[in-house]
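From first to last, the protein sequence lines are chains A and B. To get the numbering used here, take the position in the first sequence, counting from 1, and add 350. To get the numbering used here, take the position in the second sequence, counting from 1, and add 451.
Treat the hints as calculated values from the structure; they're not laboratory data. All the pointers check out, no bait thrown in.
Derived pair list, reagent style DMTMM-like, types lysine to aspartate or glutamate, alpha-carbon separation capped at 25 Å:
(1) B:K485 x A:E463
(2) B:K476 x A:D866
(3) B:K542 x B:D662
(4) B:K476 x B:D705
(5) B:K504 x A:E489
(6) A:K504 x B:D492
(7) B:K622 x A:E828
(8) A:K504 x A:D647
(9) A:K504 x A:E652
(10) B:K485 x A:D459
(11) A:K504 x A:E637
(12) B:K485 x B:D717
(13) B:K622 x A:D834
(14) B:K542 x B:D653
(15) B:K476 x A:D869
(16) B:K514 x B:D705
(17) B:K514 x A:E463
(18) B:K514 x A:E473
(19) B:K622 x B:D511
(20) B:K622 x A:D813
(21) B:K713 x B:E472
(22) A:K446 x B:D493
(23) A:K610 x A:E525
(24) B:K476 x A:D459
(25) B:K485 x A:E857
(26) A:K446 x B:E472
(27) B:K542 x B:D669
(28) B:K485 x A:D866
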Amino acid sequence: MAGIQSVLDIGQWALHAQQLGMAVTAHNVANVNTQGYSRQRLILEPATPENYQPGQIGRGVRAASIERVYDRFLGLQLRNELSTKGSLQAQSSYYKQLESIFSGLSDSDLGSELRAFWSAWDELSIHPEGGTERVGVREAALQVASRIRGLREKLVGLQEQLNRSIRVSLDRANELSSQVAQLNIQIKRTEGSGQNANDLRDMRDKALDELAGLMEIQFWETQDGFSVVGPGGVALVEGPNHWSLTSQTADTGLEEIFWKSSSGALVPITDKMGAGAIGGMLRLGQEVVSRELDRLDRLSAELIWNVNQQLSTSSGKTPFTSLVGQAVSDPSQPLTDSGLPFGERIIDGEIHIWLYDGGNPPAALGRVEVNVTAGVTTLQDLVDQIQNDPDNAGRLQASITAEGRLNLQAAGGGGFAISQDTSGALAALEINTLFTGSGSLDINVSRAVMQESRLIGAGRVEDLTGAFSPGDNRAALEVLALRDSPLLDGESLEQAWSSAVAGLGVEASGAYRVADYQDQVVEQLEQQRSSTSGVNLDEEMVKLLEYQWAYQAAARLIETGRHMMQSLIEMMR
Amino acid sequence: MRVSQKLLMESTYNQLNRAGEGLLKLLEQASTGKRVLNPSDDPVSANRIMEMKNELSRIDPAKRKSQYVNSWLSMSESALQNMEEVLVRAKEIALSQSSATATSQTRAGAAVEVRQLYDQIVALANTRLGDRYIFGGTQSLVPPVERDDDYQASFNGNEESIEVGVGLGRKVAMNVGITGLLRDNQVLDTLRGLIQGLENNDPQAISASLDGLDSGYDALLELHGEVGSRVKAVEANLENLGDLQLNLEGTLSDYQDADMAKLLTDLANQQTAYEAALRTTAMITRLSLIEFLS
Numbered sequence: 351m352a353g354i355q356s357v358l359d360i361g362q363w364a365l366h367a368q369q370l371g372m373a374v375t376a377h378n379v380a381n382v383n384t385q386g387y388s389r390q391r392l393i394l395e396p397a398t399p400e401n402y403q404p405g406q407i408g409r410g411v412r413a414a415s416i417e418r419v420y421d422r423f424l425g426l427q428l429r430n431e432l433s434t435k436g437s438l439q440a441q442s443s444y445y446k447q448l449e450s451i452f453s454g455l456s457d458s459d460l461g462s463e464l465r466a467f468w469s470a471w472d473e474l475s476i477h478p479e480g481g482t483e484r485v486g487v488r489e490a491a492l493q494v495a496s497r498i499r500g501l502r503e504k505l506v507g508l509q510e511q512l513n514r515s516i517r518v519s520l521d522r523a524n525e526l527s528s529q530v531a532q533l534n535i536q537i538k539r540t541e542g543s544g545q546n547a548n549d550l551r552d553m554r555d556k557a558l559d560e561l562a563g564l565m566e567i568q569f570w571e572t573q574d575g576f577s578v579v580g581p582g583g584v585a586l587v588e589g590p591n592h593w594s595l596t597s598q599t600a601d602t603g604l605e606e607i608f609w610k611s612s613s614g615a616l617v618p619i620t621d622k623m624g625a626g627a628i629g630g631m632l633r634l635g636q637e638v639v640s641r642e643l644d645r646l647d648r649l650s651a652e653l654i655w656n657v658n659q660q661l662s663t664s665s666g667k668t669p670f671t672s673l674v675g676q677a678v679s680d681p682s683q684p685l686t687d688s689g690l691p692f693g694e695r696i697i698d699g700e701i702h703i704w705l706y707d708g709g710n711p712p713a714a715l716g717r718v719e720v721n722v723t724a725g726v727t728t729l730q731d732l733v734d735q736i737q738n739d740p741d742n743a744g745r746l747q748a749s750i751t752a753e754g755r756l757n758l759q760a761a762g763g764g765g766f767a768i769s770q771d772t773s774g775a776l777a778a779l780e781i782n783t784l785f786t787g788s789g790s791l792d793i794n795v796s797r798a799v800m801q802e803s804r805l806i807g808a809g810r811v812e813d814l815t816g817a818f819s820p821g822d823n824r825a826a827l828e829v830l831a832l833r834d835s836p837l838l839d840g841e842s843l844e845q846a847w848s849s850a851v852a853g854l855g856v857e858a859s860g861a862y863r864v865a866d867y868q869d870q871v872v873e874q875l876e877q878q879r880s881s882t883s884g885v886n887l888d889e890e891m892v893k894l895l896e897y898q899w900a901y902q903a904a905a906r907l908i909e910t911g912r913h914m915m916q917s918l919i920e921m922m923r
Numbered sequence: 452m453r454v455s456q457k458l459l460m461e462s463t464y465n466q467l468n469r470a471g472e473g474l475l476k477l478l479e480q481a482s483t484g485k486r487v488l489n490p491s492d493d494p495v496s497a498n499r500i501m502e503m504k505n506e507l508s509r510i511d512p513a514k515r516k517s518q519y520v521n522s523w524l525s526m527s528e529s530a531l532q533n534m535e536e537v538l539v540r541a542k543e544i545a546l547s548q549s550s551a552t553a554t555s556q557t558r559a560g561a562a563v564e565v566r567q568l569y570d571q572i573v574a575l576a577n578t579r580l581g582d583r584y585i586f587g588g589t590q591s592l593v594p595p596v597e598r599d600d601d602y603q604a605s606f607n608g609n610e611e612s613i614e615v616g617v618g619l620g621r622k623v624a625m626n627v628g629i630t631g632l633l634r635d636n637q638v639l640d641t642l643r644g645l646i647q648g649l650e651n652n653d654p655q656a657i658s659a660s661l662d663g664l665d666s667g668y669d670a671l672l673e674l675h676g677e678v679g680s681r682v683k684a685v686e687a688n689l690e691n692l693g694d695l696q697l698n699l700e701g702t703l704s705d706y707q708d709a710d711m712a713k714l715l716t717d718l719a720n721q722q723t724a725y726e727a728a729l730r731t732t733a734m735i736t737r738l739s740l741i742e743f744l745s
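Isolated chain A, as found in the complex (with noise of 0.2 Å):
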């Protein structure tokens, strides 16, 4: 019946519903800065009308639900975005560390280090006899051996840094795949009452945003609440249930990545993480920063190898008095196979041996000779053929120290030098050699130069004759040589470096310029979600004056509703 009681009913219900819409407008202006709040509003509704004559009459105003503004496909396209976006970013920021190690451009690379060293022997070819051109090659050597040494510490040291940030998103990730299985439990719980979860969608869907920027996830949404699955298909969240991943540091100093089955077993899935941070991480290590160390790697080893071939038949100012090698594993395995790190490159061949007196100019009194055959001479073998030759007549003492090292003696006052090894064997032994080593993990100068500057050779003495010449100048202008041939890959050393700062520079502009485009891809996208989701404070301010004056006009009818009441009750008296 519409009585006046219906007025007063119609009013109240008017009066809830804009207070209702006020404080709605409320919880938007207060969440106008909050991260990935979607603004709700309130759905407003007729009340079901009542049958009278001569029609239905309207019962005022119910309110239907509180909603959230969201559009499900803008956040689909986003969460793909953002894994894209955040492999891209975790990437460039690392190759602006890489590009500062490299510091190709400066005056103080590898590459500046290499020019002086070559300088160095450039100077010693022109004053052979030098004992300040000597001490320059090596000071020279000294700073290559330690800027590669300090180049792989630090390339080293990214790979570590990377590692740590793949291991440090991970655990993230697993927390995040943790609140998506509780947010699943509570929207489940709220919803099934008949409740809109609105804030706590909200929460569900910044933490699977923030899972997409860390790797590359499906999801898709059931009666239990979002199921995610992770690369490679593995189930990171179904319903209140949810499975975590975990990394392992793997000999070759690069993370893999695992995933936990319910029952505890480790899946591997480090091949199959795509786009994403730890993905973008895992490839940089894989693909950017182990290329690197390769190469610095295969740079020092050509570098000690050439350098020490062209310097283990050379002379100095005087006839070697003694020399002392690299230790071996085993005096009596072949050379080849007892642990010299560039034993492998021994070949068949012939060492000749110059024997001295002590005079000056120094007089060639004969010459050793030493077969090497590669895969079966020793090093004991090697000491029996100096010690048996006929010419050596005791004038040069070899022996194996207790540590396995080649030891040349000369005998009598008089000296030796090395006028021929076409094996290589000696350059493997580091016999009157200028650096040690293997490659970028320890290269360095040889004891034996380190001591004395000027055991670094920078003559030959002639093969045939023995003539020894102080003034010879052949092994340094022939370690010169070494310079623009082609060792690494086709190119010189120091080529090889340019290509090396070249081709990272190459990559690294591209990743920033990928990355660059993908903010502004995610920007866009971002816009048009804040466009539809995010809040307007003119908008909400002209809502709440809307709700104001609703809410004043209810009044306005309830207080009528009361005068007419009041008539009422006065024409009874």
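Take the given structure of chain A and dock chain B to it, following the hints.
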């Protein structure tokens, strides 16, 4: 499009960020004067810059070496010239003392002078640059020529040439051996014969030395000419190196250095853009319905 508060703020923030980033980049370029600071700024130019630097790094050492070779050769030249004068004087003596007017006294006096001339030749052949005997070939640490009391010469040097790179892929032998001239051309033996001829008052022996002196003088001139032509080559090389250096430095600068005029204009523009962004931000933040409702 519906504009939310967040959208408004985020886009102003992004704009400010971008304008600031551009400004920073230009400031970096302006303060270093370089256009390419990291290889990624311009990978192609970076590659060229490294090539140029590689080339340039070879020029200074090459110049230094050329100068060293030059001083070595000049020293050889003047020593050879002095030897020529010595031989001319010896020939004068031989001529005058082989004539009938010469007496045993004048010859004895002349013998003393020729002994000195002999020693001068030996001293010149043993000329040193630093610790090195320049005429000794690769046997550079012992005097190439020594004589005993009987003016018999012994030789320690060799005729090996010491080749050094002087840049631009050129190699120059910086030394000439003297052993060939003094021993094989018998210059010292001839002088010894002259001394003996003078001391023995033997005009025939004295005039016999004239041929030897002549052929020695000719050989000396030939050697001198060779050294002279090498000096010229090295000097030309030095000039080439200087030209190349200028050239490379110019190209390097083209690739590497910032165009200051353009950079400063860009900087002014970027500054204006940044200021504009700041101003709009200030304006936008004041625009709200809240300001007008009271």
